[in-house]
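Student: The lines below spell out each chain.
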Amino acid sequence: MIMVKRKLSLEDVLNEYLATESKPNYEALKRWVKRFPEYKYELADFTANWSKAINASEPNTADAVDEETLMLRTMSIVGDRIHAMRSEKQHVKASLVDLTAEAKKKGLGINDLAKLSELSVPIIAKIARGFLAPLSIPKLAIERLAVALDRTVEDVVTFIQNSTMSAQGVRFKSQEQPELPLEKEDFFDAVRNDRELSEEQRKFWLEFEHNE
Amino acid sequence: LDKYSPEKLRVIPLTRTNLDGDLYQRLEAVETQINEALKLNSVALIERAKISDEKTPEFVQEECLVALIRAALLSKADRLAHSLIEVLFSRCVGFIYNHLKFENKDRRERAYEEVVGKILDKILDLKTNKDDFLQVRFWIVIKRLAVNTFNKFLRDPIENTLDNSPEFDVFERGYYRTNDEPLKYLLAKETVEDVKRILSELSQRHLDVFILRYLDEWPIESNDTNKITLSNYFGVTPKTIRNWLAEGKATLKKNIGEKGK
Numbered sequence: 001m002i003m004v005k006r007k008l009s010l011e012d013v014l015n016e017y018l019a020t021e022s023k024p025n026y027e028a029l030k031r032w033v034k035r036f037p038e039y040k041y042e043l044a045d046f047t048a049n050w051s052k053a054i055n056a057s058e059p060n061t062a063d064a065v066d067e068e069t070l071m072l073r074t075m076s077i078v079g080d081r082i083h084a085m086r087s088e089k090q091h092v093k094a095s096l097v098d099l100t101a102e103a104k105k106k107g108l109g110i111n112d113l114a115k116l117s118e119l120s121v122p123i124i125a126k127i128a129r130g131f132l133a134p135l136s137i138p139k140l141a142i143e144r145l146a147v148a149l150d151r152t153v154e155d156v157v158t159f160i161q162n163s164t165m166s167a168q169g170v171r172f173k174s175q176e177q178p179e180l181p182l183e184k185e186d187f188f189d190a191v192r193n194d195r196e197l198s199e200e201q202r203k204f205w206l207e208f209e210h211n212e
Numbered sequence: 001l002d003k004y005s006p007e008k009l010r011v012i013p014l015t016r017t018n019l020d021g022d023l024y025q026r027l028e029a030v031e032t033q034i035n036e037a038l039k040l041n042s043v044a045l046i047e048r049a050k051i052s053d054e055k056t057p058e059f060v061q062e063e064c065l066v067a068l069i070r071a072a073l074l075s076k077a078d079r080l081a082h083s084l085i086e087v088l089f090s091r092c093v094g095f096i097y098n099h100l101k102f103e104n105k106d107r108r109e110r111a112y113e114e115v116v117g118k119i120l121d122k123i124l125d126l127k128t129n130k131d132d133f134l135q136v137r138f139w140i141v142i143k144r145l146a147v148n149t150f151n152k153f154l155r156d157p158i159e160n161t162l163d164n165s166p167e168f169d170v171f172e173r174g175y176y177r178t179n180d181e182p183l184k185y186l187l188a189k190e191t192v193e194d195v196k197r198i199l200s201e202l203s204q205r206h207l208d209v210f211i212l213r214y215l216d217e218w219p220i221e222s223n224d225t226n227k228i229t230l231s232n233y234f235g236v237t238p239k240t241i242r243n244w245l246a247e248g249k250a251t252l253k254k255n256i257g258e259k260g261k
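Chains as they are written, first to last, in our numbering: chain X, 1 to 212; chain L, 1 to 261.
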């Protein structure tokens, strides 16, 4: 399995810490600090907070709000948030112009991108260079690339639609630049001819051929 | 319910990695539930999600609900997403509220709303994979958010008027050297709630240092500067920690007397 290298976030570490340890205790804290010295103080802080939360006195239940009221309030927040999400202007990021460079910014190599989208390196390279017919690429592949790159689906679609066939980044063995194909390749033909995809992956993607 | 029916929804694979660098995986049961859910129409899906008995085979786990909510939002099936979010919160509203142990009702409600907001931050952020762990261990994330929010509200000087005691030196060497066994007895027995109440009236900090020292057995100081101690955690000298402990003990002695001996 390809290891996706990235700096572990504090949130990831704390999630696993809480999932592993049944209760806050100093011995566990020492073990985790040894494993993640970069989060030494944060781990100590969380352990102390956890202990304080467990040991806090139970408040008087007579003043507690009933669950029905809490649900009404919760769903009011949910309604507002979904409405805001749909109506807010999308944060404008610089348009996606280079798939592999964008991946690199996220600390991902082309291998990682292939792994995360369950495609092969050659197919990712073909998408990156605009070698594949945009309309033939399944929506799921686009969605997976968008998630991996922390981009919107629209960003990736726009990139694919605008990408022209380019030999950029290709190493030539001969002195002359090779001729590029006249027509863009169909995604499913690329899948059929790909040597790196497993049979399971090939079968998976070919199922989209007539369902898209 | 929406122009999109569940069979048109696509649940996106998890892309976040665990501490060993492997991609997170949903539980097999959750994957099965997702596949079954995607065969239902919206109304049937919501009805199934409402089943609250965990023992029935039709029960849909919270991790599965998060995956379906995300899929619905990605397909702009907002009404379906809204209904599923309602089911999800109906299961955890009590859990969250009970973790926020504030006597003050307003404070407790504001802390509750903050936790709800943080959960929604993760679920509604469709551009990232921040919600991935919610699809793996839902209750762990909820617990972490509740613990952090509880302490944030506990620390906030505007929220907490109790934490204002001066740091005067009441260190009594002889007193400190006395055996701590009575305190351990107090903290471990039925009087523990009294101990917490008395110390929190002195200050939140006194209560915190007592709990960490006597229940969780944190050291006060260490020759090893890399070791977590009460002194470096609170950012004060070991002597100050001992002062706080001594003040706490003195207050306890005054209020509870010789009961623990």
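Incorrect hints may have been included.
To be verified - Now the stretches of chain X that chain L is said to cover, found in silico as 3 or more residues with beta-carbon under 8 Å:
id, segment
1, 26-35
2, 192-198
What the hints assert, rightly or not - With the C-beta cut set under 10 Å, the calculated list includes, among others, these residues of chain X facing chain L:
id, residue
3, Leu43
4, Asn49
5, Asn55
6, Pro134
Unchecked claim - One-sided and incomplete, this derived list gives chain L residues near chain X with beta-carbon spacing under 7 Å:
id, residue
7, Ala29
8, Glu86
9, Cys92
10, Val93
11, Glu103
12, Arg107
13, Glu201
14, Ile211
15, Asp216
16, Ile220
17, Glu221
No wet-lab data here; the hints were simulated from the structure.
All values derive from a computational prediction rather than experimental measurement.
Using N, Cα and C, we set each Cβ at its ideal position, and we do this for glycine too.
Student: State for each hint whether it applies.
Tutor: So, going through the hints one by one against the coordinates:
1. 26-35: holds (count 4)
2. 192-198: Three-residue rule not met by the segment 192-198 of chain X, so violated; n is 0.
3. Leu43: holds, 8 Å
4. Asn49: holds, 4 Å
5. Asn55: With a closest approach of 5 Å, the Asn55(X) hint holds.
6. Pro134: violated, 19 Å
7. Ala29: This hint is violated: Ala29(L) lies away from chain X, its Cβ roughly 17 Å from the closest one there, beyond 7 Å.
8. Glu86: Nearest chain X Cβ about 6 Å off; hint holds.
9. Cys92: violated, 10 Å
10. Val93: holds, 5 Å
11. Glu103: With Cβ-Cβ at 5 Å, under 7 Å, it holds.
12. Arg107: With a minimum Cβ separation of about 10 Å from chain X (threshold 7 Å), the hint on Arg107(L) is violated.
13. Glu201: Check failed: Cβ of Glu201(L) comes no nearer than 11 Å to chain X, outside 7 Å.
14. Ile211: Since chain X brings a Cβ to about 5 Å from Ile211(L), closer than 7 Å, the hint holds.
15. Asp216: Interface hint status for Asp216(L): holds (5 Å vs cutoff 7 Å).
16. Ile220: violated, 12 Å
17. Glu221: Violated. Min distance 14 Å.
Of the hints listed earlier, those the structure fails to meet are numbers 2, 6, 7, 9, 12, 13, 16, 17, in rising order.
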